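*Asks:* From first to last, the protein sequence lines stand for chains L and V.
The opening residue of the first sequence carries number 1 in this note's numbering; numbering runs sequentially from there.
The opening residue of the second sequence carries number 1 in this note's numbering; numbering runs sequentially from there.
None of these hints come from the bench; they were simulated from the model.
Wrong hints could be hidden among the right ones.
Claimed, not checked - Computed Cβ-Cβ distance ranges for the label pairs, DEER-style:
{"#": "1", "chain 1": "V", "residue 1": "212", "chain 2": "L", "residue 2": "38", "range": "44 to 50 Å"}
{"#": "2", "chain 1": "L", "residue 1": "46", "chain 2": "V", "residue 2": "243", "range": "55 to 61 Å"}
{"#": "3", "chain 1": "V", "residue 1": "139", "chain 2": "L", "residue 2": "250", "range": "53 to 59 Å"}
{"#": "4", "chain 1": "V", "residue 1": "281", "chain 2": "L", "residue 2": "303", "range": "23 to 29 Å"}
{"#": "5", "chain 1": "V", "residue 1": "5", "chain 2": "L", "residue 2": "283", "range": "36 to 42 Å"}
{"#": "6", "chain 1": "L", "residue 1": "213", "chain 2": "V", "residue 2": "17", "range": "31 to 37 Å"}
{"#": "7", "chain 1": "V", "residue 1": "6", "chain 2": "L", "residue 2": "213", "range": "42 to 48 Å"}
{"#": "8", "chain 1": "V", "residue 1": "251", "chain 2": "L", "residue 2": "73", "range": "52 to 58 Å"}
{"#": "9", "chain 1": "L", "residue 1": "303", "chain 2": "V", "residue 2": "199", "range": "49 to 55 Å"}
{"#": "10", "chain 1": "L", "residue 1": "247", "chain 2": "V", "residue 2": "139", "range": "53 to 59 Å"}
{"#": "11", "chain 1": "V", "residue 1": "209", "chain 2": "L", "residue 2": "29", "range": "35 to 41 Å"}
{"#": "12", "chain 1": "L", "residue 1": "213", "chain 2": "V", "residue 2": "253", "range": "24 to 30 Å"}
Unchecked claim - Under 10 Å between C-beta atoms, here's a sample of chain L residues computed to sit facing chain V:
{"#": "13", "residue": "23"}
{"#": "14", "residue": "39"}
{"#": "15", "residue": "73"}
{"#": "16", "residue": "265"}
{"#": "17", "residue": "273"}
{"#": "18", "residue": "277"}
{"#": "19", "residue": "294"}
{"#": "20", "residue": "310"}
Said to hold, decoys possible - Computed far set for chain V versus chain L, every beta-carbon distance over 10 Å:
{"#": "21", "residue": "15"}
{"#": "22", "residue": "21"}
{"#": "23", "residue": "42"}
{"#": "24", "residue": "77"}
{"#": "25", "residue": "163"}
{"#": "26", "residue": "171"}
{"#": "27", "residue": "195"}
{"#": "28", "residue": "232"}
{"#": "29", "residue": "288"}
As the structure is a prediction and not an experimental result, all values here were calculated from the model.
Each residue gets a CB set at the ideal place from its N, CA and C atoms; glycine is no exception.
2 protein chains.
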Amino acid sequence: MSDPQKTADAVLKGNVRIAARLMRDLDDVCPSAIEVMKRIYPHTGRAFLLGVTGNPGAGKSTVVDALISLYRAQQKRVGVVAVDPSSPFSGGAILGDRIRMQRHATDSGVFIRSLATRGHLGGLSRSTSDVASVLDAMGFDVVIIETVGVGQDEVEVVSQVDASIVVTVPGLGDDIQAIKAGILEIADILVVNKSDREGADRTVRDLVSMLELRGHDSAPVEIVRTVATTGKGIDELANAIERFRARNSDDSAARSRKRAEVTVRELVLDKFRRLTDGELRAHLDLLEAVARRTLDPYSAAETMIQHIGKKSD
Amino acid sequence: MSDPQKTADAVLKGNVRIAARLMRDLDDVCPSAIEVMKRIYPHTGRAFLLGVTGNPGAGKSTVVDALISLYRAQQKRVGVVAVDPSSPFSGGAILGDRIRMQRHATDSGVFIRSLATRGHLGGLSRSTSDVASVLDAMGFDVVIIETVGVGQDEVEVVSQVDASIVVTVPGLGDDIQAIKAGILEIADILVVNKSDREGADRTVRDLVSMLELRGHDSAPVEIVRTVATTGKGIDELANAIERFRARNSDDSAARSRKRAEVTVRELVLDKFRRLTDGELRAHLDLLEAVARRTLDPYSAAETMIQHIGKKSD
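The shape of chain L in the complex, shown without the other chains (with noise of 0.2 Å):
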């Protein structure tokens, strides 16, 4: 890559290609792409960050979608960072949300990224803090991000965002089950989808419970019907986001606190994660004791230790 202030300058003008040329870059860590995001990073903080999350299956896609029609109705700009569901294992990705947003391909006001989950050992947070700071730069209006499940990994990265939508669905499960994905904590804004299915009135009743056991300190949170694949209730989403966001305008250097914390946190891990490779790597003999089990893998973890933290002082 080349100058970093110049390819800084290019990101903040909007330019498309160099900012997918940095996102890559940053996927492979390269340090030059670090010193462009030192750059850029004064001028992030202005999009709004949503975050999609939800159970698959709940038409996570199909809302973003309608989402993204909507807003550039508004005549804003989308930038959407999609956490692919490609396999850890194969690195197979299915291009099923991309199909389906393919309508907004030639749009230039609409930026699709997607971030396998491939190759992202727990730094999966990083990449997508790392991509929607360069969306922002850019000069997105708003910037979604749509994250599959609830693991660890999306935790992080909802605690990176100004508002967080979760995506449900009538029928997944009694109510033990919908509590165990452990959605309802993370929620400002919870959506039942394909309300029109059975069921919905039920689906509906049980989160406005599960609300109620959280106590009366908690925050508000709406719920909305949609049907996403006919836009309906799509416009009452957007409103309740708008709520949303007024009732919160206080809280955004509280956010913007733990976003720093949370930011950080994942960079400081990611690196220590690629020590870590590293080390495992060039100690096969240490796991090969450990795997015959004349080394226990705790001595075996403190000497990895003590390597590591020589290499990154």
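For this one, chain L is given, so just place chain V on it according to the hints.
*Replies:* Frame of chain L; chain V shown alone:
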């Protein structure tokens, strides 16, 4: 905790009270507990580790419950590590699984340990592995590790087991969404639970098609239909597990090596996670500057990485 060797001896003799205390101390990362683990480790590797994963609502706990009964009827002692779906934010665990498994509570041949995801920021895999090792050392014949969802954490957990069952259920969404869960790649055996429901045939067909997509080099994956609430298909599932064990007995050295790598990696990363969290608390000024955008997070991270390196030496 008293003398590590005494504690280790008590655990190896199957002392439940002392084992439970060791698990708690491991959660708190007590150095004395690590000393006990070093002594226990050479005596592990005898238990059969079985992973049970799947979407919320698929009925994993019911499948686990039925397997416990089956193995108990064979006079096998069964340990269970339930990675609990408590919220990472509130810490409120809903004890659904534990309620269901209550009927085994008075059976001394069964030991169930729930792990909350809270307080395990990325360290879930390490805790799971520790608890499984303790159960293994206590002489449990089968250790079942039940996890929710398909986050990165869970992929790490799965790479520690001898056989991995993925439980799915009819009607969870279309093909693309099912693939989204990324579950196929980690399955040694696929279970279609609630197979008396409408759509079970289609679910099985879809899974067969997806397995065919994996190509000829992939290991064969059996698909078993169950109705775990009635016990239907559980015998067949146990037989499928046995067939898988028989087919893969040659791989055990490779599995041990892989498991050693995952275990050591997690121990190392867990240490750096804790050092990082300490560093973040000690440098609120840096975080504040990042939040105000007077400092970029990349430079803040570099400073912290240097500090941590000095401490871990």
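*Asks:* Is 36 to 42 Å a correct range for the gap between the Cβ atoms of residue 5 of chain V and residue 283 of chain L?
*Replies:* This hint is violated: roughly 28 Å between Cβ atoms.
*Asks:* With 10 Å as the cut and Cβ atoms as the points, is residue 73 of chain L at the interface with chain V?
*Replies:* 27 Å, violated
*Asks:* Given residue 294 of chain L as an interface hint, is its Cβ closer than 10 Å to any Cβ of chain V?
*Replies:* Check passed: Cβ of residue 294 of chain L comes within 8 Å of chain V, closer than 10 Å.
*Asks:* Does the claim that residue 15 of chain V lies off the interface hold, with its Cβ farther than 10 Å from every Cβ of chain L?
*Replies:* Residue 15 of chain V is indeed farther than 10 Å from all Cβ atoms of chain L, at 21 Å.
*Asks:* Would you assess whether residue 171 of chain V, listed as outside the interface, keeps its beta-carbon beyond 10 Å of every beta-carbon in chain L?
*Replies:* 7 Å, violated
*Asks:* Just checking, residue 77 of chain V versus chain L, shortest CB gap more than 10 Å?
*Replies:* Given that every Cβ of chain L is farther than 10 Å from that of residue 77 of chain V, nearest at about 21 Å, it holds.
*Asks:* Honestly, do residue 281 of chain V and residue 303 of chain L meet the 23 to 29 Å range at C-beta?
*Replies:* At roughly 27 Å between Cβ atoms, residue 303 of chain L and residue 281 of chain V fall inside 23 to 29 Å, so the hint holds.
*Asks:* 31 to 37 Å was suggested as the range; check whether the CB atoms of residue 213 of chain L and residue 17 of chain V agree with it.
*Replies:* Taking Cβ atoms as reference, residue 213 of chain L and residue 17 of chain V lie about 33 Å apart, which means the hint holds.
*Asks:* Is 42 to 48 Å right for how far apart the beta carbons of residue 6 of chain V and residue 213 of chain L are?
*Replies:* 44 Å, holds
*Asks:* Should the interface hint for residue 310 of chain L be scored as holding, given a Cβ-Cβ cut-off of 10 Å against chain V?
*Replies:* 6 Å, holds
*Asks:* Is the gap between the beta carbons of residue 303 of chain L and residue 199 of chain V within 49 to 55 Å?
*Replies:* 53 Å, holds
*Asks:* Regarding the assertion that residue 288 of chain V does not contact chain L, is the least Cβ-Cβ distance greater than 10 Å?
*Replies:* Per Cβ check, residue 288 of chain V is inside 10 Å of chain L; nearest 7 Å; violated.
Hints 5, 12, 13, 15, 23, 26 and 29, counting from the list given before, are not met by this structure.
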